[in-house]
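Q: Listed below, chain by chain, are the residues.
2 protein chains.
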Amino acid sequence: MILDICLSPALYPFYKKENDTVIVVDIFRACTTICAAFANGASAIIPVADIEEAKQYKLRGYPVGAERNTRKCDFADFGNSPFDYTQEKVKGKEIVFTTTNGTNAIEQSRGCKTLLIGAFSNIDALAKKCIEIGGRIVVVCAGWNNRINMEDTLFGGAFAEKLFNENPLKLDSDAVKIALELWQSAKHNLLNYLKDSEHYQRLIDNKAEGDAPFCLQQNTVNLVPYYDKVNKKLKIY
Amino acid sequence: MILDICLSPALYPFYKKENDTVIVVDIFRACTTICAAFANGASAIIPVADIEEAKQYKLRGYPVGAERNTRKCDFADFGNSPFDYTQEKVKGKEIVFTTTNGTNAIEQSRGCKTLLIGAFSNIDALAKKCIEIGGRIVVVCAGWNNRINMEDTLFGGAFAEKLFNENPLKLDSDAVKIALELWQSAKHNLLNYLKDSEHYQRLIDNKAEGDAPFCLQQNTVNLVPYYDKVNKKLKIY
Chain A
80 MILDICLSPA
90 LYPFYKKEND
100 TVIVVDIFRA
110 CTTICAAFAN
120 GASAIIPVAD
130 IEEAKQYKLR
140 GYPVGAERNT
150 RKCDFADFGN
160 SPFDYTQEKV
170 KGKEIVFTTT
180 NGTNAIEQSR
190 GCKTLLIGAF
200 SNIDALAKKC
210 IEIGGRIVVV
220 CAGWNNRINM
230 EDTLFGGAFA
240 EKLFNENPLK
250 LDSDAVKIAL
260 ELWQSAKHNL
270 LNYLKDSEHY
280 QRLIDNKAEG
290 DAPFCLQQNT
300 VNLVPYYDKV
310 NKKLKIY
Chain B
80 MILDICLSPA
90 LYPFYKKEND
100 TVIVVDIFRA
110 CTTICAAFAN
120 GASAIIPVAD
130 IEEAKQYKLR
140 GYPVGAERNT
150 RKCDFADFGN
160 SPFDYTQEKV
170 KGKEIVFTTT
180 NGTNAIEQSR
190 GCKTLLIGAF
200 SNIDALAKKC
210 IEIGGRIVVV
220 CAGWNNRINM
230 EDTLFGGAFA
240 EKLFNENPLK
250 LDSDAVKIAL
260 ELWQSAKHNL
270 LNYLKDSEHY
280 QRLIDNKAEG
290 DAPFCLQQNT
300 VNLVPYYDKV
310 NKKLKIY
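Chains as they are written, first to last, in the working numbering: chain A, 80 to 316; chain B, 80 to 316.
Hints may be right or wrong, so weigh each one.
The list treats identical chains as interchangeable, and a pair is accepted whether it falls inside one copy or across any two copies.
Stated by the list, open to error - Pairs of lysine to aspartate or glutamate, EDC-like flavour, derived with a Cα cap of 16 Å: (1) LYS256 x GLU277; (2) LYS96 x ASP275; (3) LYS256 x ASP275; (4) LYS95 x GLU173.
It should be emphasised that the hints constitute simulated quantities derived from the structure, not laboratory data.
Since we're looking at a predicted model, the values are computed, not measured.
All chains should be modelled from the sequences, with the hints used to inform the complete structure.
A: Below is the structure:
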């Protein structure tokens, strides 16, 4: 089993190898929100990169989650907070979803063999699934407009540590070592460590910092979303 | 004064702002070697991204340094070791230079206002020059084939620490924080820390690990190479 971490979706072409399993990660907040929506019974999530496409779905009657620059788009039913996607609102439904970075990362990683969605929310279920799949696993951090961010990098480190503890792991990537090192510094006081990050400031500016503790909590759900290439939808195993 | 760090040249489009000063960094070994060549009296260095172009210069009588995948190219006069560029060989001469990553990073950053070459070799001279220039400084790490590497990231952290100690610095970039954190872990035993890195292994495979201690030594030279856009040459201030 091999693990690599790609710190920006724009770098994935340089990390891509045949038969990769990619884990798309956007901790604040898209991937945490996708996990929450599935835990509350959504039957599928249709990720779209483009606002116009999301609006077309809305006109056709789909419930739509849409966020740009940390804010809910006016036309949408939901923003990008995991707390928006309650059981009453999402159970049994297919949700259309577009966010600043998360859906862009899904778009840019689609060429891989298997695409999974990762967050602290589902980290143990994810590790179990990756050990089952084996081969080469690449964590693709969504970042911010293709820039590197702290929280997704930290997840990469946390995930590497998790796999290390459970499985022999070939560690030949500088990016994995960087993420692991960062995780060792941050893990005992993660929320506080992240208060100094770029995106935490954006959450504060948009009165969304209340989402942060939930987004950093491990194993609130026991599921792994994957991208169904034929139907272009996220589903769960 | 603002500092940012771009961990791969392929990400520079997402970090670029008007009037940037870019510091291209390739610790193992292109930028260290450029500094050494100037310290030994080279009058200019002509960076070319392409092997064929370097061969053309060779036919026209220029001394040529050329490396691909850590090895000296057969047709070239020099490889990518700083020890190749002795005073006897380079004094008063214009040298053509092409390497796997360093010249690619120069190529990808050319759109900036001022382009400087940075290494541990010239870190203090570089900090002094950047304080003089002011504005926004972006360290562009050359990496390895656009992948992130440890040693260039560590230089970013060292440089951030240096500027912090000498100047009020606006710190709003997650990438700078990541590099600083890594530097704090590594700085007391830098060579040992890097023995675990991807490129150190490549140096060993090519019997070039003897260059590593020199590449990590601070302030062996007191000069700052810059890119002269009109003449497409590196010169020194």
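Q: Each hint: holds or not?
A: Verification of the hints:
1. In this homomeric assembly, LYS256 and GLU277 come within 16 Å of each other (Cα to Cα) only across copies, at 10 Å, whereas the closest approach inside a single copy is 22 Å.
2. Neither within a single protomer nor between protomers do LYS96 and ASP275 lie at most 16 Å apart by alpha-carbon distance, with minima of 34 Å and 23 Å respectively.
3. Taking CA atoms no more than 16 Å apart as the test, LYS256 paired with ASP275 passes between copies only; the shortest distance there is 9 Å, against 22 Å inside one copy.
4. When the C-alpha separation of LYS95 and GLU173 is checked against a cutoff of 16 Å, the pair qualifies neither within a copy, at 30 Å, nor between copies, at 39 Å.
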